[in-house]
Structure formats: C-alpha cells, structure tokens
Amino acid sequence: MTTIEEWWDAVAATAVLGSARRGAPPAPETVPMPDRRGASAQTALLDAAALGGAMVRSGRPLRTGSAPAAAQTDRLPVAPAGGIQLLELVLNQTPGGADLRGDLLGHWLACANAAGYRVPHRLLPRLLDQALTRPELHRDALTAADARGAWLVANRRRWRPMIASAQAARASEASLDDAAWAHEPTAARAEMLTRLRAVNPAAARERLESVWASEKAADRATLIRTLRTGLSLEDEQFLERALDDRAADVRLSARHLLDALPASARGQRLAALLGPLISRTGIVRKTLHIEPPTEADAAATRDGLDKAPKGRSQRGHWLRQLAAGAPLEVWTDAAGRDPDATWAMITDPDARAGIISAVIARRDPAWARALVDDVHRGELLEIVPSADREAIVLRQILTGAGSGTGSDGATISARLGTVPGPWSLDFSRTILDLLSSRERELTRSVAILAARMPPEIVPDLHRLPDSLAKQRNQLIQHLSLVHAITEAFQ
Amino acid sequence: MPRWSIDAVEKTAPDAGSLNAARKLAVPGPWSETGATDVLVWGKCQGSGKTPYQVSVDLTGPAYKCSCPSRKFPCKHATALLLLWAGAQVGEADEPEAYASEWASQRAARAAGAAERASAPAKPVDRAAQARRAAERRALMDGGVEDLVLWLEDLVRGGLATAKTQPWTWWDAAASRLVDAQLPGLGERVREMAAAVNRREDWAEHLLIEMGRWWTAAQAWRSWDSLDTDTQGDLRVVIGWAVPSAQVLEAGVHADVWTVLGAHRDERGNLIEQRTWLRSDSGETALLLDFAAGGNPLPIARLAGARLEASVGLYPGHAPRRVVLASEPTTLPAASDLGSATDLAGARAALAAIRADNPWADRAPVVVRVAASVPEGDEPPFVVDDAGHQVPLLGEPGTWWRLLALTGGHPVTAFGEIEDGGLRVLTVVSAEDGSDDGELVAL
Numbered sequence: 001m002t003t004i005e006e007w008w009d010a011v012a013a014t015a016v017l018g019s020a021r022r023g024a025p026p027a028p029e030t031v032p033m034p035d036r037r038g039a040s041a042q043t044a045l046l047d048a049a050a051l052g053g054a055m056v057r058s059g060r061p062l063r064t065g066s067a068p069a070a071a072q073t074d075r076l077p078v079a080p081a082g083g084i085q086l087l088e089l090v091l092n093q094t095p096g097g098a099d100l101r102g103d104l105l106g107h108w109l110a111c112a113n114a115a116g117y118r119v120p121h122r123l124l125p126r127l128l129d130q131a132l133t134r135p136e137l138h139r140d141a142l143t144a145a146d147a148r149g150a151w152l153v154a155n156r157r158r159w160r161p162m163i164a165s166a167q168a169a170r171a172s173e174a175s176l177d178d179a180a181w182a183h184e185p186t187a188a189r190a191e192m193l194t195r196l197r198a199v200n201p202a203a204a205r206e207r208l209e210s211v212w213a214s215e216k217a218a219d220r221a222t223l224i225r226t227l228r229t230g231l232s233l234e235d236e237q238f239l240e241r242a243l244d245d246r247a248a249d250v251r252l253s254a255r256h257l258l259d260a261l262p263a264s265a266r267g268q269r270l271a272a273l274l275g276p277l278i279s280r281t282g283i284v285r286k287t288l289h290i291e292p293p294t295e296a297d298a299a300a301t302r303d304g305l306d307k308a309p310k311g312r313s314q315r316g317h318w319l320r321q322l323a324a325g326a327p328l329e330v331w332t333d334a335a336g337r338d339p340d341a342t343w344a345m346i347t348d349p350d351a352r353a354g355i356i357s358a359v360i361a362r363r364d365p366a367w368a369r370a371l372v373d374d375v376h377r378g379e380l381l382e383i384v385p386s387a388d389r390e391a392i393v394l395r396q397i398l399t400g401a402g403s404g405t406g407s408d409g410a411t412i413s414a415r416l417g418t419v420p421g422p423w424s425l426d427f428s429r430t431i432l433d434l435l436s437s438r439e440r441e442l443t444r445s446v447a448i449l450a451a452r453m454p455p456e457i458v459p460d461l462h463r464l465p466d467s468l469a470k471q472r473n474q475l476i477q478h479l480s481l482v483h484a485i486t487e488a489f490q
Numbered sequence: 001m002p003r004w005s006i007d008a009v010e011k012t013a014p015d016a017g018s019l020n021a022a023r024k025l026a027v028p029g030p031w032s033e034t035g036a037t038d039v040l041v042w043g044k045c046q047g048s049g050k051t052p053y054q055v056s057v058d059l060t061g062p063a064y065k066c067s068c069p070s071r072k073f074p075c076k077h078a079t080a081l082l083l084l085w086a087g088a089q090v091g092e093a094d095e096p097e098a099y100a101s102e103w104a105s106q107r108a109a110r111a112a113g114a115a116e117r118a119s120a121p122a123k124p125v126d127r128a129a130q131a132r133r134a135a136e137r138r139a140l141m142d143g144g145v146e147d148l149v150l151w152l153e154d155l156v157r158g159g160l161a162t163a164k165t166q167p168w169t170w171w172d173a174a175a176s177r178l179v180d181a182q183l184p185g186l187g188e189r190v191r192e193m194a195a196a197v198n199r200r201e202d203w204a205e206h207l208l209i210e211m212g213r214w215w216t217a218a219q220a221w222r223s224w225d226s227l228d229t230d231t232q233g234d235l236r237v238v239i240g241w242a243v244p245s246a247q248v249l250e251a252g253v254h255a256d257v258w259t260v261l262g263a264h265r266d267e268r269g270n271l272i273e274q275r276t277w278l279r280s281d282s283g284e285t286a287l288l289l290d291f292a293a294g295g296n297p298l299p300i301a302r303l304a305g306a307r308l309e310a311s312v313g314l315y316p317g318h319a320p321r322r323v324v325l326a327s328e329p330t331t332l333p334a335a336s337d338l339g340s341a342t343d344l345a346g347a348r349a350a351l352a353a354i355r356a357d358n359p360w361a362d363r364a365p366v367v368v369r370v371a372a373s374v375p376e377g378d379e380p381p382f383v384v385d386d387a388g389h390q391v392p393l394l395g396e397p398g399t400w401w402r403l404l405a406l407t408g409g410h411p412v413t414a415f416g417e418i419e420d421g422g423l424r425v426l427t428v429v430s431a432e433d434g435s436d437d438g439e440l441v442a443l
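In order, the protein sequence lines correspond to chains A and B.
Quick note on this note's numbering: the first sequence kicks off at 1 and runs consecutively.
Quick note on this note's numbering: the second sequence kicks off at 1 and runs consecutively.
Since the hints were derived computationally from the structure, they do not count as laboratory data.
You may find that some hints are simply not true.
[Said to hold, decoys possible] Here are the simulated DMTMM-like cross-link-like pairs (lysine to aspartate or glutamate), alpha carbons at most 20 Å apart as the crow flies:
#1 B/Lys164 <-> A/Asp9
#2 B/Lys24 <-> B/Glu10
#3 A/Lys307 <-> A/Asp245
#4 B/Lys50 <-> A/Asp466
#5 A/Lys470 <-> A/Asp433
#6 A/Lys470 <-> A/Glu441
[Said to hold, decoys possible] Each pair of labels, with its calculated beta carbon distance range:
#7 B/Gln46 <-> A/Thr133: 25 to 35 Å
#8 A/Ala198 <-> B/Pro333: 34 to 44 Å
#9 B/Ala139 <-> A/Arg36: 47 to 57 Å
#10 A/Thr133 <-> B/Ser32: 35 to 45 Å
#11 B/Asp362 <-> A/Glu5: 44 to 54 Å
Note that beta-carbon positions come from the ideal geometry of N, C-alpha and C, so glycine has one too.
Sequences and hints are given; from them, build the entire structure.
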C-alpha cells in the first residue's frame, strides 16, 4: 500500500520524464481519481497532478522550530506625543531638505536622551536608516532606540555597523586588554592607545614603554604620536630619551611633542640659547632685534637645531626651531610687555613662524588672542576663548583682517564655521545684516546659520529681502523646529 | 477623529512621484487660511497661478477636493495638506471655510442621490444582443480551452524536463493564444510560469501543481452548464472572464456594517491590484478589488480599522466573496481590534477550507496570533505561533522591518493573507507598552 506522499513523488518523477516513457503510477484508494474509461496516460497523469497537487498544497505539514529571542522590555518611557510628531516631521519631510536633517535629528535625539525618553517603535526603521549614514549620531540614536532598537540592529546586517561604532565610542572608557592589544595591527593599536590616553595617560604611556624596545622604527614613529593626546610633563622623561632614538622620524616627533612642553628641560635649554640672541633696539625701543644663532653644538642639534631643509637659510631655520621650542616668556620678558605688545615688536619672519607654531602647540589663549588678527590660521581662533571669538570674527569680517584676502564670501562662511554655537543674538543679527546683501554667501552659510543662531533670531529673519525668500524660509522653518523640539521635551 | 500618522497619510498618495511633490509642499510657506474640524481639513495653497488653490479633505471617506487642474487623485495639494495636518501644523477651527463646507454638503447630497438612483429601476437591456455576444464569446473560449488541454497533454507526454529548456518565447506564445481566446487569467498564469521555472528550485513540483490547476479549470469549463453559480463565478475569476460590476449590482445589494481589516497593493508589470479585506458585522469576510493600469491612480486605500456602513453587490463565487460598493459608504467610529485569532495550523485549515470549494484560490484572509522573527544570518524573516509552527513572512523588506519594529519578536494579533509560500501580514494590533489593547496599524 503506497502512501499519498510516495504516490505524489512517483507522479512528479513520471511528469518530469514524460508519460511517453513511463505510465502514470496507480493512485492509492484514498485518492478519488475520476472514473474515465480508456483514459490516456497523459490524461491520467494530469488528473493525478490536479488531485495530488490539491492534497499536497493543503496537507503539507508546517515546519516547526523555536523562535529566536524576542526584544527585551524598553527601559525608557516613550517620548511625549508632541515630540513624536516632530520626529516624524524630521524623518519624513525636513524643512530645508536632507542637508539640515542630520542637525535636527541630532538635536531631537539629544533632547530626548537628556529628558530620558525613547523613540516609538514604529519610527525605529526610519530612524535607524537615517542615522546609519551619520556616524556622529549612532550613539545617541541607539540610546534613544532603547531595547527594541538594540534588538532590531542586532538582527539586521545593514544596521549592525552602528553597534560597532557606538561600542568603539564607549570603549574609550575601558582599559585595554594586554594580550589582545599586542596582536592588533599598528594603526589599530595607535587608535586604542589614543583612546586610553584620553582617560588614563600614564597607563597608556607605560603600555607604550613596555613594547618600545621591540618595535620597528616605523611603528615607533606611529605610536609615539599618540602621546599628543593627554600630553603633560609626566611624559617628559620618555620623550627626552626618544630624542636619542635611532630613527630620525621618532626624534622629530619627540621634538614636536616637547615643543608643547616649554617647562621641560629641553624648553629651558632652548630658552638659554634664545635669550641672549634677543635685544631691544630703536630709539623708543619699539622693536625686538633678534640675532639668529651662528652655530649649533651636538647638544643643540639633538634639541632640534638640525640641518635646514633645502632652500632655507640655516641660521633662520635654527631661529625658528628655538622659537618653536622655548617658553613664550622668553619674549615677554625681553620686551617687558604683554603678549599683544610683544608680538607687535617682533618682525623677524623666522621668529614669528616659530612663535606661531609654539602658540598652536601649547594652545596658549593669551598669545592666540595677540596673534589672531594678524595671522589667519583657523587653529588660532579655536584656541581663543569662545566668548571672544564672536567679536574677533566680526572684526575680521568687517576689516578683512587676518587673511590678507579681504572680506570675500568664502572667508565669511569659513570664518563663521570657527565660532561655536549657540551664537549670541547680537552677533547673529550683525551677521545676518552682513549676509542679507550677499546671496551667494548666505546660501553657502545656511547650514551653519541654521545650526548656530538662537531661535530668538526668527523675527529678524523676516526682514531678509524677498530675493532670499528660499533661504529665509529654510532658516525660519529650521529654527522654529529646533525651538519646538527643545520645548517638546521640557 | 484622531489625527492620522504621517504613514497613514502617505498611504493615500496615488504614487511615489505625487508623494514626493506633496512632501515638498508640506511646509507652511505656500499655505494660508488652513484649519480643521473633526471631519474636515481645508486650506489655500499658493501655486504658480494668481489665485491660490482651495483644498478640502473630508477625513471620514476620506474624500478630496482641490481647485487645481491635476488629474492625480488625491492631488499633491491635498496630500500636502494632510501631511501638514498630521504634523500638527494645522490649527483646529469651529467653523469650516465656506468652500469646504459647501463641498461637504454637496457630497452628502450626491451620496443621497446615488442611493436613490441605485434603488431606481435599471434601464431596459437588449437581452437578445447580450445573449448573442455571450454565445460568440463562449465559442471562442471553448476553442481556447481545448487548445490548452492539448498543450497540457503534450507537456506531460514529453516530460516537464523539456519544458524547463524552453525559451521564454515558447511560454509567451502559449500565453498569447489563451489571451486571444478570451482566457486572459490563464494566460497570465502561464506567462508567470516562464520566470518561475527558471527561478525556483522546486520548479518541477511547482509547475506540476500549477498544471493541475489549469487542468482542473479546463475540465470544469467542459462541464460549465452543470456547475453551480458560485463555482462558475470562481472559474470566471481564474480564466479572467470578468463579471461587470453593473450586473453584480443589478442582481441585488446587501447592506451591512463592514470593518476594514487590511489592504495590500500588488504590482504586476504596469497593473496594480489593490485588495481591501472587509469583515461584516454578520461575520462574512469579503474582498474589495481595485485595479489601475498604466500609471492611473488607484482609489485611496481605506484605513485599517475603519468601519463602513455600506451596501454592496456580491460577485458570484465561494467565500471569501468579492464585493463592489453600491455607493460611497458612511463612516462610523473606527474599530481598534481584529477579533479572535487562530494559530498557523488554523490559518492553513482556513485556506484548505476555501480550496475545498474553490480549488483555484491563492490565499485566505486570516486573523492569527504570531510572532515575527529573523533567523541567524539575515535569512528572510518568518512568523512563528505558540505551537512552534512557522511559515515565511511574505512581502517587502520595508514591511518586514516595520512589523519587526512594532512587535520586537513578541506575539501579536495580526491580520494577513496566508498563501502556499507563507503569510503576508497587513495589519497588526500594536501598543507601545506591548499590551494587547493597542491600535490597528497597517504595514
């Protein structure tokens, strides 16, 4: 007695070969085949296909198996209805388009996280899709996505990179595992060391010292640069030894790092060399005269007075090296003035170049303020206390100072970028007035303006001319939305 | 009426282009004098012309009116207005603007008129001419069916292995003959088989089962006159012999209150089919079918959970019956649950029961309690019930992930279509807190 399954398999096998080669298999009694007299083999086979197919389709057993783990219960309460509506708006139809979406999404997530709310489940796929392409949002997005979001991300390959990047951000707080660290490629070890330096500089340096002797020259050069993060006088001994390293790259890096530590023994040695070269000249002693060094002994060469690069004066190079490494007090002491006045007394280009790099390496705010109107370097503006930046940038834009290129639009938007938000209302108003007659510059700065101006600027935006209606509406909508998001979570 | 979610609004857009255009317009800039009551949303939208367009939306239908010349329905202005409204950017008002309230009352009057006309006697029909045309068509179809029988017999005589080696043109020629013989439903199935034979691993069994269904259709056709009306109706669906909706309505209408369980849009080439599943308060599940071809808009999808008081005409056929609306329905307060649920074995039994009457049925509408899950290694997701039975989840990845986000792998009550290949979930009862008294969410 054949079962229905066996019969059906035989029917299928016959059909594949063709009824011309093999007759239709006889059906079990339980299959009610039609009673046809003298039916051909192909008719019988088609009858069997019709009946057997119907039975197979309806009778095939269901597959069984256990379900993988479901999502954990969320920790946070869902965001209030007003907040959810705003998130839908940001995710689906950001005013101002996709350019500003990242900003708004980041703002929404930051507000929700600060207030301790999560994203509603139905919006998670869109949120994750949009956060995916914006690594800076990964951590905040995963926090606001809560347990349901974590479960979704773990289950979908496309979203999974978000976990890795969020974990990397968190790993900075963890210490490094000894055994694992030693086997990582140099670039990865450098990255891990940098992260460890940010939280525990001594531990990172000790780790570096423990492998130092066995590293290749190129790897030593890469790894020593990680000391830039969290650099302090505690690193001096190590760097001092590195000044005698076999590899020129390592020696160079050690000197650059020591340039940022003027209180170090090397700083003092360079000060001792530089001091005697400076004298006050002029009838009212308004200039500092600097006599570049004429010779460098072995000790001075070790400290950086090495051979000049091609095409540069040897003595000028030495002066630059001295200025870059010696304490800035050498200058103020010689001038007897504050950094502002002292800078004005220095005319020698090599001395100036050395001082600029010293100020940047040491992040000295007083000197940065003295230099910033004269030297257009973004790094300088970043060192100036942020409270002062608005005034400085405004002055630079109005006078075209600090760049030598005049107040063209490209520099306006580039300069605005160096002033962190939120901007004061006064500053925002002045900038707006400036840009209202410069359509191209305004367009270029829309993203910065939208992200940094305070919502209170909105009434002023209405004054922008109609020729700028598009940018005006973009800014108004964006700022109103930022404001609404902030309000929704208060 | 509660505010719709943006998702719900987006589902009303006739196509992606229209939705994109609406999104661009869904900003406060071009709008003025917007407002909303419980049932109406209105506003003026400044277009390229001098006079702004007057846009009104009746949320109960929903129904749309706009003074713009667009032939899209709803037009981008109406969708944009709804997007603004869903985003809480339209204020509440006590009294609608005059143009909106006038339109609403005109609609009410038209609906009343339509109901009157439906009850009026139909105009006389030339019965003789009708019978002659039917006989001519029957003869043509008889020839096509006999042609199909021969083709099927040749196929099994030579073996399915030879069919696997046939080029697409061979299938297409067979399909075209069926279309020419006024059997377009069968023609489409044959044409689809050309791709399936090449794509599917289980092509031989799939082809054999499908041939069995074509064979059944041919045998049934041969004994047409001895078939009952419902089986004739089922057979007309599979061969593609449409019953005109006027004829269905002429045969009588049936009034009831219907709950919209869910809807699905199926795109095949340039033909879009929209299936809307309804359940009457008397317990019958019915299917409302809409078609659109060549980029024409479909009627708007009804919202899951909507309760409609409507008179419908019933197409001939076994359950679940296809219905046609006799007039624009009246909307009652929406439902928030799907009723009692079965498990996957129960769902399969429901499909088998439908096929006991209609062997050509592709799917059964079911309310099931299932959990959606993703297997390791990014395989397509599946649903599993309390008994541990599982079937693949049908549909698009976008829909899968919306379902997975809403449910988190926990069991939910869902409405969907069970087919041989798995379950297509269309609506779930979802609550943020995971409890069972949530709201109906269409996927």
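Now for the hints, and whether the structure bears them out:
Only pairs whose Cα atoms come within 20 Å are accepted, and B/Lys164 paired with A/Asp9 is accepted, the gap being roughly 19 Å. Annotation: proposed proximity of B/Lys24 to B/Glu10 holds, straight-line Cα distance about 13 Å (limit 20 Å). Taking the CA atoms of A/Lys307 and A/Asp245, the gap is near 17 Å; set against the 20 Å cutoff, the hint holds. As the CA atoms of B/Lys50 and A/Asp466 are separated by approximately 18 Å, the hinted pair is consistent with the 20 Å bound.
Between A/Lys470 and A/Asp433 the CA atoms are separated by roughly 17 Å; this keeps the pair inside 20 Å, and the hint holds. As the CA atoms of A/Lys470 and A/Glu441 are separated by approximately 14 Å, the hinted pair is consistent with the 20 Å bound. The given range of 25 to 35 Å is respected by B/Gln46 and A/Thr133, whose C-beta atoms sit roughly 34 Å from each other. Taken as a hint, the range 34 to 44 Å is violated for the pair A/Ala198 and B/Pro333, whose Cβ atoms sit roughly 59 Å apart.
Separated by about 25 Å at the C-beta atoms, B/Ala139 and A/Arg36 break the suggested range of 47 to 57 Å. Checked against the hint of 35 to 45 Å, the pair A/Thr133 and B/Ser32 passes, with Cβ atoms roughly 36 Å apart. Between B/Asp362 and A/Glu5 the CB atoms are about 24 Å apart, so this pair departs from the stated range of 44 to 54 Å.
Of the numbered hints listed earlier, those contradicted by the structure are 8, 9, 11.
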